[in-house]
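Chemist: Residue numbers (my numbering), protein chains in the order written: chain P, 1 to 190; chain Z, 1001 to 1086.
Derived by calculation from the structure, the hints in this document are not laboratory data. Computed from a prediction, not measured in an experiment: that's the story for all the values here. A virtual CB, placed ideally from N, CA and C, is assigned to each residue, including glycine. Don't take every hint at face value.
Unchecked claim - Cβ-Cβ distance ranges computed for the label pairs, FRET-style:
hint, chain 1, residue 1, chain 2, residue 2, range
1, Z, GLU1072, P, ALA95, 48 to 56 Å
2, P, LEU8, Z, ILE1082, 25 to 33 Å
3, P, GLU99, Z, GLY1065, 37 to 45 Å
4, Z, PRO1060, P, ILE147, 34 to 42 Å
5, Z, GLY1065, P, ALA160, 18 to 26 Å
6, Z, GLY1078, P, ASP124, 14 to 22 Å
7, Z, ASP1008, P, ASP60, 24 to 32 Å
8, Z, ASP1008, P, ILE147, 50 to 58 Å
9, Z, GLU1072, P, ARG16, 46 to 54 Å
10, P, ALA110, Z, GLU1068, 23 to 31 Å
The residues making up each chain are set out below.
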Amino acid sequence: MWVYVKQLEYPVRVSRPDLEMAKNIFAQFGGPDSEFSASWRYLTQAWIMPSGVAKSIVIDIGTEELAHLEMVGTMIDLLLGDATPEQMDKAGLGAHYVEHGRSLFLHDAAGVPWTSSYVQAHDDPITNLRENMAAEQKARTTYEHLICKTNDEQVRKTLAWLREREVVHFQRFGEALDRVQERMSRRPHF
Amino acid sequence: MAVNPVADLVREMQTWHFVALELNLFLDTHPANRRALEDYNRAARRFRELWERYEREVGPLMDHGFSESPGEWQWPKGPWPINTGM
Ligand SMILES: [Fe+2]
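All chains should be modelled from the sequences, with the hints used to inform the complete structure.
Modeler: The structure is reproduced here in structure tokens:
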């Protein structure tokens, strides 16, 4: 089961509210390659994973992604600050204000709502692990685009840290894939 | 029926965890209720004792540094409750 820990995995600071950047960062809250997609892609695969190594890696990384979702949400909330409806309108968040006010919601940078068709889970562990490695690459690229979109050193620092985590996750999924392939080659499979 | 001490320990942990969880929700909306607070603390203490016993006798319960792994890396070792239902 899961519990909540009242501590962020890494500090989130912003120099000043920045509504355009808040809108951009929604990409990593409810977009295709978001932390939400990452967490539930990996966690739904846990039941089918065939070994302790494969199971623990999707559960441990999937759980870390939930902590990243929390950080991304905190970043958006701080960047929104106490924006007025007019300011949100000017930043392209007018429709978001109408439907959600200043609340977070699972949609991407363009306001498109999250859908489970962004993710995949199969009963083939190799298929899953390759899916996950691709997902980590896509999330890394998205963080790189986000870093290019801001001059706020504090925001860049948090984004760079999150980007780094995607690199580590890619590495660990790759190692889990090696272990699974090794295990499967020891006995006949069809 | 076969005796399964681990299953019994898990069942007892689930019982005390549920008592604590239920009182947690109640206290969130009734923070001034002293009786509920005392019951919560008693359940939390009992749960922690059982938690420590489980980790001593069976293995780590949490990932991400919330549990130690004496001797060797025990975390990937089964059985996993998502597959056994226990
Ligand atoms: Fe990741």
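Chemist: If any of the earlier hints don't hold here, list their numbers in rising order.
Modeler: 10
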